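K.L.:
Chain by chain, the residues run as shown.
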Amino acid sequence: MAAGSQEALAQLYDRYAGLAYGLALRVLGDPGRAEDAVQEAFLNVWNRAAAFDPARGSLRSWLLTAVRNRSIDYLRGRGAHERREQDLEPVAATVGGQDPWHEVSLKLERDAVREALSSLPPEQRQAVELAYFGGYSQAEIADMTRVPLGTVKGRMRLALEKLSS
Amino acid sequence: MSDHEELESNVAAWVLGALDRQEAEVVQAHVEGCASCRETGARLQRAVTALPLAVEEIAPPERLRDRVLAAAAASSGSTRAPSRARKVVKPPARRTVFGLLFDRLPTYAAAAAVIVALVAGLVAGDLVARSGQVMPPSEVARFTLSGHESLTGAKASVIELKADGLALVDFSGLPAVGQGRVYEVWLITSGGRADPAAVFVPDANGSKVVLVNRALQGYSLMAITDEAGPDGAQAPTQKPQMYGSVA
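Top to bottom, those sequences are chains F and U.
Per numbering that gives the first Met the number 0, the very first residue in the first sequence carries number 0; after that it's consecutive.
Per numbering that gives the first Met the number 0, the very first residue in the second sequence carries number 0; after that it's consecutive.
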């Protein structure tokens, strides 16, 4: 049994490690810490696998959310139990890739997201990126960018509306 | 600004994880009772789920793979029964009756590591059947394969994770293969074309969990044959003695 599970984990690793590591590196900027975050996220998924509910989202989004959360923890220099801000949980089911179209649909998804992000007004993109990749709260973002809190909320809303269309 | 407007204005920050814990709890409590905010949240959540894709995919160093597998092997000694997930703030889910039902059922396993739970016999399908509720059309499909003739007594449970485009197949009761041989998993179209999907050797107990790294869409059957190892054959060399519908 253990051998069988190992092979399955290895296959999942091979499938998602590039996305996971790219994300961790984006958040942390440091390859060593990014490796640690990815390892912990995979372990987290491995150990909490009984809590995975496939109806709530794909394995991919669950894993990548774990990578993002763990990376933000590292960035903020704290353990998971100290996380003061909200944990992101994957929810919406994404349209999954299907082999042999997996690579193609992943590429299409990626192109669509990048296109949408780059066409956002800079201040909206910044609000989303600070929150998602930087782990900042909306209050912190308002401080950092020197705008009222209401403005930040509006920017986030507008950005996500555009990205989701 | 009304109370509702105030709450609604926080939904975007909420799905981005940009609220502090207290604020997040307030928004979640509201969303659970407000259909329009729930819809908004679900829509905005889709955008957030896609954000990691905006980042360039970068292959990590080889050593990370070894580290992950070694760490998992070390930790898999402690298998736990599924427990209720710790209380965390959850963005909106599809809160149909079935959605509420999902929350109350012990969440069930489908990820790779959850093979542990599969092998321990915890198949949530049984739980659902006992409770008399119907599974919602979902991102998961289940099938069974049965063995015939020389594979009589062998069984397999197939769990297809549609969102991930892969399936897990949990075999039991398989006789050992001959020296240098493997069992090969085939996916067969309604036109009769058999595509090779995986090869494996059962463990000493006749069990194995296999990951089929592709979607089952478009195939009618999954079948198993005994082939020459280590890589199996390009086409089945015998009539399959274990098979089941995956349509």
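Warning: the hint list may mix true and false statements.
[As the list claims (entries may be wrong)] Heads up, simulated DSS-like pairs for lysine-lysine below, C-alpha to C-alpha not over 30 angstroms straight-line:
# : chain 1 : residue 1 : chain 2 : residue 2
1 : U       : Lys-238   : F       : Lys-161
2 : U       : Lys-154   : F       : Lys-106
3 : U       : Lys-154   : U       : Lys-238
4 : F       : Lys-106   : F       : Lys-161
5 : U       : Lys-238   : U       : Lys-161
Honestly, the hints are just simulated from the structure, not real lab data.
In this text, all values refer to a predicted model and were calculated from it rather than measured experimentally.
K.L.:
Decide, hint by hint, whether the structure agrees.
P.N.:
Checked hints:
no. : hint                   : result
1   : U:Lys-238 to F:Lys-161 : 54 angstroms, violated
2   : U:Lys-154 to F:Lys-106 : 37 angstroms, violated
3   : U:Lys-154 to U:Lys-238 : 17 angstroms, holds
4   : F:Lys-106 to F:Lys-161 : 20 angstroms, holds
5   : U:Lys-238 to U:Lys-161 : 29 angstroms, holds
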